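Trainee: What follows is the residue order along each chain.
4 protein chains.
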Amino acid sequence: MKALVYHGPKQVSVDNVPDSKIEKATDVIIRLTTTNICGSDLHMYEGRTDVAKGKILGHENLGEVVEVGKAVDFIKKGDRVVLPFNIGCGFCANCERGLTGYCLTCADPTVMPGMAGAAYGFAGMGPYQGGQAEFLRVPYADFNCLKLPEDAVEKERDYVMLSDIFPTGWHATRLANVKPGESIVIFGAGPVGLMAAMSARIQGASQIFVVDHKADRLALAEQIGAIPISSSDDNVTEQILAHTKGLGADCGCECVGFQCFNAAGKEVPNMVMNALVDAVKATGYIGVIGVFIPTDPGAADDLAKKGQIAFDFGKFWFKGQKMGTGQCNVKAYNRRLAELIHHGKAKPSIIISHEIPLAEAPDAYKHFDNRDEGWTKVILRPAA
Amino acid sequence: MKALVYHGPKQVSVDNVPDSKIEKATDVIIRLTTTNICGSDLHMYEGRTDVAKGKILGHENLGEVVEVGKAVDFIKKGDRVVLPFNIGCGFCANCERGLTGYCLTCADPTVMPGMAGAAYGFAGMGPYQGGQAEFLRVPYADFNCLKLPEDAVEKERDYVMLSDIFPTGWHATRLANVKPGESIVIFGAGPVGLMAAMSARIQGASQIFVVDHKADRLALAEQIGAIPISSSDDNVTEQILAHTKGLGADCGCECVGFQCFNAAGKEVPNMVMNALVDAVKATGYIGVIGVFIPTDPGAADDLAKKGQIAFDFGKFWFKGQKMGTGQCNVKAYNRRLAELIHHGKAKPSIIISHEIPLAEAPDAYKHFDNRDEGWTKVILRPAA
Amino acid sequence: MKALVYHGPKQVSVDNVPDSKIEKATDVIIRLTTTNICGSDLHMYEGRTDVAKGKILGHENLGEVVEVGKAVDFIKKGDRVVLPFNIGCGFCANCERGLTGYCLTCADPTVMPGMAGAAYGFAGMGPYQGGQAEFLRVPYADFNCLKLPEDAVEKERDYVMLSDIFPTGWHATRLANVKPGESIVIFGAGPVGLMAAMSARIQGASQIFVVDHKADRLALAEQIGAIPISSSDDNVTEQILAHTKGLGADCGCECVGFQCFNAAGKEVPNMVMNALVDAVKATGYIGVIGVFIPTDPGAADDLAKKGQIAFDFGKFWFKGQKMGTGQCNVKAYNRRLAELIHHGKAKPSIIISHEIPLAEAPDAYKHFDNRDEGWTKVILRPAA
Amino acid sequence: MKALVYHGPKQVSVDNVPDSKIEKATDVIIRLTTTNICGSDLHMYEGRTDVAKGKILGHENLGEVVEVGKAVDFIKKGDRVVLPFNIGCGFCANCERGLTGYCLTCADPTVMPGMAGAAYGFAGMGPYQGGQAEFLRVPYADFNCLKLPEDAVEKERDYVMLSDIFPTGWHATRLANVKPGESIVIFGAGPVGLMAAMSARIQGASQIFVVDHKADRLALAEQIGAIPISSSDDNVTEQILAHTKGLGADCGCECVGFQCFNAAGKEVPNMVMNALVDAVKATGYIGVIGVFIPTDPGAADDLAKKGQIAFDFGKFWFKGQKMGTGQCNVKAYNRRLAELIHHGKAKPSIIISHEIPLAEAPDAYKHFDNRDEGWTKVILRPAA
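Chains as they are written, first to last, in the working numbering: chain A, 389 to 772; chain B, 389 to 772; chain C, 389 to 772; chain D, 389 to 772.
Everything labelled a hint here was simulated from the structure, so no lab data went into it. As the structure is a computational prediction, the values presented were derived from the model and not from experiment. Warning: the hint list may mix true and false statements.
In this list, chains with the same sequence are indistinguishable; a pair is considered to hold if it fits within one copy or across any two.
Derived DSS-like pairs: lysine-lysine, alpha-carbon spacing no greater than 25 angstroms straight-line [claimed, not checked]:
no. : residue 1 : residue 2
1   : Lys535    : Lys412
2   : Lys602    : Lys398
3   : Lys465    : Lys409
4   : Lys398    : Lys464
5   : Lys465    : Lys535
6   : Lys602    : Lys543
7   : Lys735    : Lys633
8   : Lys567    : Lys441
9   : Lys694    : Lys543
10  : Lys535    : Lys633
11  : Lys654    : Lys458
12  : Lys412    : Lys465
13  : Lys465    : Lys390
14  : Lys567    : Lys735
15  : Lys567    : Lys464
Whole structure, please, built from the sequences with the hints as guidance.
Mentor: Here's what the structure looks like:
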């Protein structure tokens, strides 16, 4: 089969590789019909992680079931399914509590003591191949597949967002504990930040501020119902205080991660977190879903090399703020978000900028990595 | 009346000062019968804050109502009451949601934009005098007084702990989201850490680890039902992992604050927070009630001067941990904790080491500030 | 001043009565600019309660502050305020936890052991006069007044709904524990049922079913975004099962109360509750804000006289359902719902059918009590 | 193998039946070492349900894994495991949210539209055989088995209570939403009521009232730390009000079910529920885990035949109470309760009155069904 393979920093190609096949009786194989490139694929693409050469990338996957293991009960051949990017067993101490992003069974324990969580085609998240390919093996299929309703093909561009960015954006707002009628400030208008804005709107936020330096992304944020704020302005906090009676936003989201650039194009890993402490009110929650990593040898900054940031902890404590972090437990949200799509209450496909065949994926990686104007979200069509 | 007055770093004396008096119709005056010295008084005593000279210290107060303002409805002359260290109005947007530690009405807004919260005898927490004195003015008395039952005098040494450290220790465990059957690691076996251990026990924790370097405090922790771990050991994390199947404690509490000393006696402000990230499992909560401050000009360390710590944010994020911080909203807990004391289910007085007249307070400050062996908790008897 | 006074079953008139005046230093007086007639006023109007003759009715009140007690700190003369229908003290064990509908201080303890809760112009809810009048005394004014922003007059028809029906409808959905993406079935398309539908929509419900027998109200429900279902159909449950994969709605709301009529016009008090047990899925929550009363001597049915219903408890238990009931704690919601109105995200005035001077209130009571076509919601303008 | 088989009302015998065997690759077979008789077995024993003749009873099961299906990953031959009485698939919409007592995959959908939930050896809960036998087939074994630690045999009498009554008693207190420091009233001192009392104590309740008419059970309640109240007294409510400042207990539990007898020995199905409405304070929660059934043809009372009770709904609503019901989701609690047993914080075996071989089970059913003095809880030892 064809698949997009990582060969080293900024080197990916679509190669012929062995077909995915059933390895355990609880597996299924899906034929991918849509698979996206994610911002976190770029961390690997750029060589900022220790992903192994030869890895097939791709963790935002949707397709049709073509083969079913003997111990699979619910999922049938021909079902259209969307897959959470995280892989869970369904029965460990974390999965049973819904913490499917922190599966103890599927994790690679050599990464870190107490490490938890697995994903398709991801550095440090177990041996699983990705889905930027024609076929994909899905472990624990009854648990991991979300079966789609009769409009699966018609709304495929929306449903594929359930694999990662829509639930991840939603998770950011849940970590931020936003409540109907509250204000929320979201730093980062990439795909996840935009999905966080859409999530906050669906949940009845009264004011949604989105901060970014790219005009095209801010325009999308506005279209989604947010108040755009340019991070090139030097008074971001002041603007938010002015909108919120001087108190700060009720809560906030970090949707940028460790590769956070200031107006001068320099990576400043603590910039957004400290801005959030300023922009969010006392007692407010901050949800952090931008990726931060335990060690970052490629970083310019000494603290960053050790995975540390110089955090305004005194102010954070004085304001009595709270913070939640980490990868989204996609299964905590995907079933209900599918209902929103099915009943016409959410349309996450609004952010798609490019829809291309798998063969063109290497070129798309280049543009997306360059943060080229207009390359918001790329979806690949392996079956096209 | 007599009162303990701050005159400058390490200079306090018991002086004659003007009597406390009713200033608003919603005030009462109490005659203090017990008032404690708190670890956070030492931050002021040492000159690490900008508390004004002339301030009466003391925010852990219990006494008898001797005068009642005309608009006070519920509290009567002769009532025995214990006062939360925080002062709330009862009607602002924060107080109405139970965030009484972040009152917008009583706060001093000049301290910080969006500043919230007030307290008796405290730096940066409004103009209110403290209770290490014969009398104290209590604003919004119906809201701030907790009326005690018929065993008020008999159990006064327990009830006085409701002013601060028992609810604050309890708050640490709530921020840590401990659940019955879970394990919890508490850094710091000062009065608040010990109260956190007691709180965890009452809530049904299965294993309570308390980490400190002082043997006398660890002995108290053990007496309360905790597993003592010496921070002088170089394998604190390993010990906790060994007790918890290699996963880490289910949750953790920071009960030390910015004045955190390593084994060599050096202040290392990020030491405990980073140890908690290691010792707590992936997805676990960390409750931080040790005080951290927005700027600390007296600190040795450049980051600390700016109120920053070098925080292991990458690891924290990768483990998907959560964190809650800040001063305790005492009223969120004091009524139910009083029931526990009244019905014999909690005995926080266990940690009292010294019970002395107000006149001896300056000497007690010296010992307590020196962290002298055995000076765990001092209560003052102004009426004695 | 002029006020609408209850003189006996179906006898109300606008009379000259003594002016409202400050009785305690924590009171304010407001000049009413809008005050509504509520469905629960009809229980009193019809003589189904023991409301005293001479009572001024009216608990949905908005106006301008004209006089301020000496111990009122935050509310000022000239402020535009909307009042929760419930009256709370702000400091009792219930108010401090946000249960302001169950105030222990303001309640009339003679009604029932453990009775809690007070309201303006309401049977069994304390001695307070209502606001269908020119002026109203507001106790504990700092706690009970919600100060409105600069668009107070412009959006007065929306803000007045914060006194009762918007928060009450919202409360129904919170008792039903609706989550974004879920389906909800609401029995009753009166003002509160319609507000529940609007609340569910704002919170991101995927399907909102509203059941009623009146076509005009179902049309309003549809306009709000709900799927209307006629209770005249004999297959209401089947329709809901068909929309929900045979499982039932995720949750449900009772917005009818004890005066529940079947298609033949007979009062059948258990009809809606048992229909909800059928229409809601196993494990679902049911929120009950329609009023039920402890004794109802005027009822036709023997159980109903004793305040009982023949409830399908076996089925309810087998399905593992949950239920929440009772009057709304308006202050739990009104501040955030005001933000939704202020920022243009909610427009509860959509349900107003009549806007008339106070003098015409007696006539409006007649039409509203007859359930006349088109009399959905009446607002009175005492100052007009 | 030997197994206890139901042959008709009050007719059970230990028969030779075909051995349990692996039917699907996700099954395991366990050799039972302890299996209990439960109060809900008596509903079947007495013929009050439609359980099929030939059914093996027994849903409280603990044993050793002797055979493992090919798709079982985590559970190994030789593991000691305790099984939740409910059987879940782990991947349906309910199981994935932790509602494992309402599994949609394992349920028998012919029982009721929207029916959910399965169990071993239980009427209306699917085709699964029970464990009062030498061997038992466990479906979805990785999900349903709780693997026990190294003290599995030593504390087997405690761990076996994790199959049902300890989590069920705990669930009662969670449905009642008890909080540390609160009071709770529990009606019924059978095994589940006693476990509810133990659960409340572990969670830090300040006062635990247990109401029953049997002196031996009340004595056990007192031993567990509760305040015993005889239901033979005619002033049960008054006693509870006297202990709770006239307000009522903070919350309550129904641990009796539809077979509720008054002092005269007559079945009065609404007696306990209405007593709870009186004894619990306004705004309190009531947890109902005593079994109620949708139809009860054998009942004396016309309402009861239809599965209805005459419920004091008016008073319940006026007090703004809440209610949760239904079978316990054992997996929501069993892992943490096992930690409490393992670390010596809970000892549910305290209630065991009889420990006998499987062969004597029929005789034990007779005594237990007669409610004979001292027959609190029977455990069977099939391997003995």
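Trainee: If a hint holds in the structure, say so; if it does not, say that too.
Mentor: Okay, the hints, checked on the actual structure:
1. In this assembly of identical chains, the alpha carbons of Lys535 and Lys412 lie at most 25 angstroms apart whether taken from the same copy (20 angstroms) or from different copies (23 angstroms).
2. Within a single copy, Lys602 and Lys398 get their C-alpha atoms as close as 23 angstroms, which meets the 25 angstroms cut-off; across copies the closest is 53 angstroms, which misses it.
3. Taking the shortest alpha-carbon separations for Lys465 and Lys409, only the intra-copy value of 14 angstroms comes in at or below 25 angstroms, while the best inter-copy value is 28 angstroms.
4. In this assembly of identical chains, the alpha carbons of Lys398 and Lys464 never lie at most 25 angstroms apart, being 38 angstroms within a copy and 44 angstroms across copies at closest.
5. In this assembly of identical chains, Lys465 and Lys535 lie within 25 angstroms of each other by CA distance solely inside one copy; the values are 11 angstroms within and 34 angstroms between copies.
6. Taking CA atoms no more than 25 angstroms apart as the test, Lys602 paired with Lys543 passes in neither setting, with 28 angstroms inside one copy and 36 angstroms between copies.
7. Taking CA atoms no more than 25 angstroms apart as the test, Lys735 paired with Lys633 passes between copies only; the shortest distance there is 23 angstroms, against 32 angstroms inside one copy.
8. Taking the shortest Cα distances, Lys567 and Lys441 never come within 25 angstroms of each other, neither inside one copy (44 angstroms) nor across copies (43 angstroms).
9. For a Cα distance limit of 25 angstroms, the shortest separation of Lys694 from Lys543 qualifies neither inside one copy, at 43 angstroms, nor across copies, at 46 angstroms.
10. Taking identical chains as interchangeable, the C-alpha atoms of Lys535 and Lys633 lie at most 25 angstroms apart only when they sit on different chains, with a minimum of 14 angstroms there against 46 angstroms within one chain.
11. Taking the shortest alpha-carbon separations for Lys654 and Lys458, neither the intra-copy value of 53 angstroms nor the inter-copy value of 54 angstroms comes in at or below 25 angstroms.
12. In this assembly of identical chains, the alpha carbons of Lys412 and Lys465 lie at most 25 angstroms apart whether taken from the same copy (16 angstroms) or from different copies (19 angstroms).
13. Taking identical chains as interchangeable, the C-alpha atoms of Lys465 and Lys390 lie at most 25 angstroms apart only when both belong to the same chain, with a minimum of 22 angstroms there against 41 angstroms between chains.
14. For a Cα distance limit of 25 angstroms, the shortest separation of Lys567 from Lys735 qualifies both inside one copy, at 21 angstroms, and across copies, at 18 angstroms.
15. For a Cα distance limit of 25 angstroms, the shortest separation of Lys567 from Lys464 qualifies neither inside one copy, at 39 angstroms, nor across copies, at 29 angstroms.
Hint compliance for this structure: hints 4, 6, 8, 9, 11, 15 are broken, all remaining hints hold.
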